[in-house]
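A.B. asks: Each chain, letter by letter, is given below.
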Amino acid sequence: MMWLSGGFIFRRGTSVYHRLDPRVKLLISSLMFVTTLLVRSLYELAMVIAFMVAVAAVATVLRRVARTMALTFIFSTVIFVLNLIVTKNLETSALYAVRFVAIVVSTSLFFITTSPDELEQVMKTFRLPRDVVFAFVTAVRFIPVMMLDTLQIMDAQKSRGLELEKGNIIRRVRNMIPVLIPLVVNSVVRSGELAEAMESRAYGAVRRPTSLVEYKASWADKVVAFAAVAIFVLTAYSFYFVLPTTVL
Amino acid sequence: MIEFQDVSFVHQNGVIALDRVSVKIEAGETVAIVGENGAGKTTLVKHVTGLLKPSTGSVLVDGIDTRASSTAALSRKVGVAFQNPDHQLFSESVEEEMAFALRNFGFTAELVENRVSWGLRLFGLEEYRKSSPLVLSGGEKKRLTLACIMAWDPDVVILDEPTVGQDAIQKEKLTGTIRMLGSTGKTVIVVSHDIEFLWPIQPRVVVMKEGRILGDGPASRLMQERELLSSARVAQPQLVAFYQALDPRPKDPFVDPLEARRWVAGRAEIT
Ligand SMILES: Nc1ncnc2c1ncn2[C@@H]1O[C@H](COP(=O)(O)OP(=O)(O)OP(=O)(O)O)[C@@H](O)[C@H]1O
Ligand SMILES: [Mg+2]
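Listed in order, the protein sequences are those of chains L and U. Going by the numbering used here, 216 is the number at position 213 of the first sequence; the sequence numbering is gapless. Going by the numbering used here, 213 is the number at position 211 of the second sequence; the sequence numbering is gapless.
Here are some, though not all, of the chain U residues that point toward chain L, as calculated from beta-carbon distances under 10 Å: (1) Gly52; (2) Ala75; (3) Gln85.
I should point out that these hints are in silico values taken from the structure, not numbers from a laboratory. Here the structure is a predicted model, which means the values were calculated and not measured. The beta-carbon is built from N, C-alpha and C at its ideal position, and this holds for glycine as well.
Please put together the full structure from these sequences, using the hints given.
C.D. replies: Written out as C-alpha cells, the structure reads:
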C-alpha cells in the first residue's frame with residue numbers, strides 16, 4: 004500500500020524542478036495534460052510520454068513516476084479491453100489506454116513535486132476562498148499521517164491476534180473493522196483538535212492575513228514557463244500540420 | 003528466551019533504527035529499555051513479535067526465528083501494549099475490547115469471561131465494563147490496553163511507555179503488577195522514560211542510543227554511570243543521585259526512601 008501510494012504523495016526534493024515556482028509546475032503539468040488530449044496517434048503519444056519521462060528525470064522522481072504507471076496499469080487494461088469490445092480497433096483502444104497513463108503521469112508529476120505549502124500558494128493565486136484553500140491543503144497534508152496511522156493500527160491489532168490475510172473475502176473485509184474504526188475515530192478527533200488549536204491561534208481573526216513567504220517568480224521561472232508554452236505550441240502545431248496522422 | 007543476534011533494521015526512508023544489536027533476555031527476567039526519543043526502543047520491541055523483521059541478523063523467540071513465524075502466532079506468546087492506545091481501541095464496550103484478542107486466540111466463552119473479569123479488576127476498570135472504550139480518559143485508555151494484553155496471559159509482556167498519563171496511585175499499582183508478573187515467572191520488558199517509576203522495580207536496564215545498545219546491566223549498577231546516562235539522555239533516579247552524594251555510603255544505592263532514611267538514622271546514632 005505504501006509502495007503504490009508513493010505515486011502521488013509529495014516528498015521533499017532538491018532538484019531544479021522541485022525548486023520551480025509551483026505555478027510554473029502547474030502550467031507544465033496542465034500543458035502536458037492538454038497535449039495528451041491533442042494526440043491522434045500512438046507514436047505521437049509515445050513522444051509525449053518520452054517528454055514526461057524526461058521531465059521526471061530532471062525532477063529525479065523517475066522511480067516514483069514508474070510506480071504511478073504501475074498503479075494505473077490495471078485501470079488502463081480495463082480501458083483497453085472495454086474499448087476493444089466497443090470499437091474493435093486495436094490502435095484506438097491502445098491509444099485510449101496509454102493516454103490514460105499519460106494523463107495520470109502528468110498530474111502526478113505536479114503533485115509529487117509540489118509541497119502542501121506550495122499548493123496553498125497556487126490555490127491562493129486563483130483567489131479561492133481562504134477556508135476552502137485551508138481545508139484542501141490540510142486534507143492533502145494529512146494523507147501521509149493517516150497512512151502512518153493505518154500501519155501502526157495494523158501493527159497493534161496484529162499483535163492482538165488479528166490475521167488480516169486470512170479467510171475468504173467476507174472474512175477479510177470484516178477483519179478490516181478493527182483497523183478502520185480507530186482510523187476514522189482518530190481522524191475525527193484529530194480534526195476537532197486541529198480546529199481548536201487553529202482557533203486558539205487566531206485563525207480567521209483578520210480578513211487578509213500576511214504570509215511568511217511571498218512567492219515571486221524569478222526570471223528563471225519565467226524562462227521555463229515561456230519555454231513550456233513554446234514547446235506546447237510547436238508540438239500542437241506539428242501534430243496537426245506536420246506529422247502524418249492515422250485517423251481515429 | 004528472546005535473543006537478538008546482530009540485528010540491524012533500516013527503515014524504508016533509510017533511517018537506521020537498529021544497528022547491530024545483540025542482546026539475550028532469559029525467561030522470567032524483568033528488563034527496562036531506556037534511551038532518548040528515536041533511540042530505537044519501539045523498533046526493538048516490534049521485532050520481538052515479528053511485526054518488523056530484521057534487515058540483517060536474526061531474532062529468536064524461544065528458539066524460533068521470527069522470520070519463520072507470523073505475528074499472530076508469536077503474539078500468543080508475546081503480548082505488546084503499544085505506546086498509543088488510540089491505535090487499537092475500536093470495540094463497542096470495554097469488555098468486548100478485552101475479549102477481542104482472546105477470541106482471536108480461540109479461548110472458550112467461559113475462559114474469556116473469567117479472564118476479562120480478572121483483567122478489569124486488576125486494572126481498576128470494572129465500573130467501565132459496559133461503556134465505550136473511546137469515552138475513557140487518556141490514562142484509563144492506556145490502562146485498558148495493558149489489561150487487554152494481560153488478559154490472554156502471554157509468557158512475555160512488553161509495555162511501551164506504560165506510565166504515560168497515569169496518576170501517582172496508578173503508577174504505584176503498575177509497579178505492583180510488574181513485580182507480580184516477575185514473581186510468577188513472566189518475562190517483562192518495559193520501555194519507559196520514567197526513571198523514577200522503573201527504579202523501585204530494580205530491573206535489568208538496557209540503555210539505547212541511535213539504534214545501538216550503550217549499556218546493559220542491573221539497575222543498581224547502571225544507574226550510577228552518570229556519563230553513560232547523560233549521553234543517552236536518561237535521567238538518574240533521585241535516590242541514586244542522593245546516594246552518590248553521600249560519603250561514606252552503603253554498598254548499594256537505596257531502593258526506596260525508607261531504606262535511605264533508616265541508613266541516615268543509623269549514621270546519626272553512630273556519630
Ligand atoms: N515508520 C517509520 N518510517 C521511517 N522511520 C521511522 C519509522 N518509525 C520510526 N522511524 C525512525 O526510527 C528511529 C527509531 O524510532 P523508534 O520509534 O524505535 O524510537 P523510540 O526509541 O521508540 O523513541 P520514543 O522514545 O520517542 O518512543 C527514529 O529515528 C524514527 O524516526
Ligand atoms: Mg517509542
